[in-house]
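Next come the chains, spelled out residue by residue.
Protein chains: 2
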Amino acid sequence: MIDRLVEKIRETGAPIVVGLDPMLNYIPEHVRRKAFAEYGETLEGAAEAIWQFNKEIVDKTCDLIPAVKPQIAMYEQFGVPGITAFKRTVDYCREKGLVVIGDVKRGDIGSTSAAYAAGHLGRVQVGGRSYVPFGEDFVTVNPYLGSDGVKPFIDVCKEEKKGLFILVKTSNPSSGEFQDRKIDGRPLYELVGEKVAAWGEDCMGEEYSYIGAVVGATYPEIGKAMRKIMPKSFILVPGYGAQGGKGKDLVHFFNEDGLGAIVNSSRGIIAAYKQEKYAAFGAEAFGDASRAAVEDMTADIADALGNR
Amino acid sequence: MIDRLVEKIRETGAPIVVGLDPMLNYIPEHVRRKAFAEYGETLEGAAEAIWQFNKEIVDKTCDLIPAVKPQIAMYEQFGVPGITAFKRTVDYCREKGLVVIGDVKRGDIGSTSAAYAAGHLGRVQVGGRSYVPFGEDFVTVNPYLGSDGVKPFIDVCKEEKKGLFILVKTSNPSSGEFQDRKIDGRPLYELVGEKVAAWGEDCMGEEYSYIGAVVGATYPEIGKAMRKIMPKSFILVPGYGAQGGKGKDLVHFFNEDGLGAIVNSSRGIIAAYKQEKYAAFGAEAFGDASRAAVEDMTADIADALGNR
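In the order they appear, the protein sequences are chains B and U.
Take 41 as the starting number for the first sequence in my numbering and just add one per residue.
Take 41 as the starting number for the second sequence in my numbering and just add one per residue.
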């Protein structure tokens with residue numbers, strides 16, 4: 041799957057991923073109204089609004105981008121109907137040829153991580169049959185429980201040719217509270233990054249490992265350091281746009297080959313129609329606003345990479 | 041909710057929680073057969089088997105125990121039907137008067153943690169209506185992202201009178217890989233424990249805080265140290281039984297009042313009928329085997345507390 045991600049990044053020229061993190065207040069009034077007319081102001085109505093919103097954005101951007109990253113919390117908050125919309129979104133994006141990164145940040149002790157890995161990246165056995173419960177291509181994983189919490193995910197990746205992005209340094213303001221604490225003179229996130237590199241050695245695609253890392257765009261200097269520590273790991277970079285990261289901050293996350301990083305934007309793309317810059321599209325044409333925002337983001341990153 | 045947990049522990053004399061973590065191979069043949077006859081060997085069939093299995097165990101043990109802890113991974117691995125069985129289990133256990141600890145180990149950046157918190161402990165707004173999507177009483181939370189990832193959970197707890205158990209030191213063999221690393225001479229889990237105590241100060245029930253911690257039974261010496269660092273925090277203690285912890289290892293997790301800890305057993309209770317000790321019950325009476333295992337576990341812990 042890492043090779044497919046690399047191939048699609050080369051094809052599109054866009055090392056970006058669209059975060060499908062639909063808050064209800066991002067969804068234009070007319071989409072919500074239609075969904076509520078059919079299902080009422082219910083969890084099912086919310087799930088339908090999310091699905092219709094996602095579908096339009098995917099339809100309008102899928103030829104420009106390699107990947108999407110649905111954040112499962114935004115679906116899970118609407119209970120079982122929300123999870124159904126998550127599954128529907130994953131299936132639809134895969135049909136459209138997109139690489140799907142499930143932003144699930146799961147992580148537990150061994151046997152429990154194995155269940156999450158089977159559910160999101162692999163298969164489960166029911167009697168004599170096997171099923172693909174969610175079927176993402178990559179998931180994000182929380183490393184706090186250590187190797188035996190991560191290994192079951194790696195095992196499933198090997199078997200199913202899937203991949204991981206393991207949390208190393210997150211984009212939020214208080215990420216440093218534990219992640220930056222010094223251990224033998226070096227921050228915890230560096231130790232986690234070294235583990236990611238070590239886990240990834242045994243998991244190589246053609247050029248890159250399918251065991252990647254998450255490092256926030258909001259910490260460009262750390263991106264630079266981590267790029268060296270994990271030369272063969274893809275870095276998923278959240279925090280572009282709404283969280284404050286810009287194209288020029290991102291160049292150090294990439295290798296000289298222009299690869300090795302994939303930059304996420306969620307609100308900046310999916311709620312583009314709400315920004316002054318794209319307001320002319322109007323709420324009805326929110327998908328076209330998202331398309332324009334994808335083009336601008338791709339150009340911003342290409343410029344920054346061209347000028348380094 | 042912490043006051044209700046304390047009250048129920050006093051009522052039952054059992055500071056224990058039954059982990060509803062149903063692997064399909066724990067479920068007796070006759071239960072699976074019946075579910076598959078109705079729904080086929082499908083995800084729905086697996087979910088039905090899980091639900092029927094849980095229901096019997098809950099019916100046979102609910103008068104003896106204060107709380108249950110469904111591990112969501114074991115449901116999530118069966119996709120949307122699995123999540124439906126999780127929700128059904130949560131609802132049923134609450135109907136039976138049990139405190140429900142959702143073992144979800146979620147944790148993300150602020151706005152995303154807020155969505156998880158709303159989904160599992162709070163309410164979501166859809167147009168003019170509000171819904172309780174999953175409705176657990178407590179959830180487990182992963183602290184790796186720092187305060188701003190945890191605070192949204194605390195905010196919902198304050199509003200809804202719910203509670204948290206934050207991962208401090210987990211029960212698995214490689215938990216030390218990051219959690220034990222020394223920062224200014226002290227292990228990371230101690231810093232996390234201090235944060236738990238600090239977050240909890242502002243969240244007091246009558247005697248205990250509703251911001252608790254997870255510390256594995258497999259590390260009794262650490263339990264002793266953490267008990268001092270977090271005197272007002274309840275400690276959820278996984279790892280009893282199948283993972284190797286015994287009653288006498290657990291005394292240091294408790295305060296002198298006999299409170300302050302709640303010990304989880306999953307496989308040891310729900311798959312008791314598979315152990316030699318309870319084999320005489322037979323697979324048909326698996327619920328009675330679980331009841332006997334609960335009685336034995338309660339006695340083991342009471343003995344240990346009595347003899348300290």
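Quick caveat, the hints were computed from the structure, so don't treat them as lab data.
Some hints here could point you the wrong way.
For chains that are exact copies, the list does not tell them apart, and a pair is met inside one copy or across any two.
Straight-line Cα separation of at most 25 angstroms, SDA-like style, residue types lysine to any residue; simulated pairs [said to hold, decoys possible]:
#, residue 1, residue 2
1, K286, G150
2, K95, R348
3, K201, V120
4, K127, S170
5, K314, Q165
6, K314, I269
7, K74, R169
8, K264, E296
9, K191, S151
We went through each hint and held it up to the structure:
no., hint, in the structure
1, K286 x G150, "between (38 angstroms within a copy, 21 angstroms between copies)"
2, K95 x R348, "neither (36 angstroms within a copy, 62 angstroms between copies)"
3, K201 x V120, "between (28 angstroms within a copy, 23 angstroms between copies)"
4, K127 x S170, "both (17 angstroms within a copy, 23 angstroms between copies)"
5, K314 x Q165, "between (45 angstroms within a copy, 21 angstroms between copies)"
6, K314 x I269, "neither (39 angstroms within a copy, 48 angstroms between copies)"
7, K74 x R169, "between (38 angstroms within a copy, 17 angstroms between copies)"
8, K264 x E296, "within (12 angstroms within a copy, 51 angstroms between copies)"
9, K191 x S151, "within (10 angstroms within a copy, 29 angstroms between copies)"
In this structure, the earlier hints numbered 2 and 6 are contradicted, and the remaining ones agree with it.
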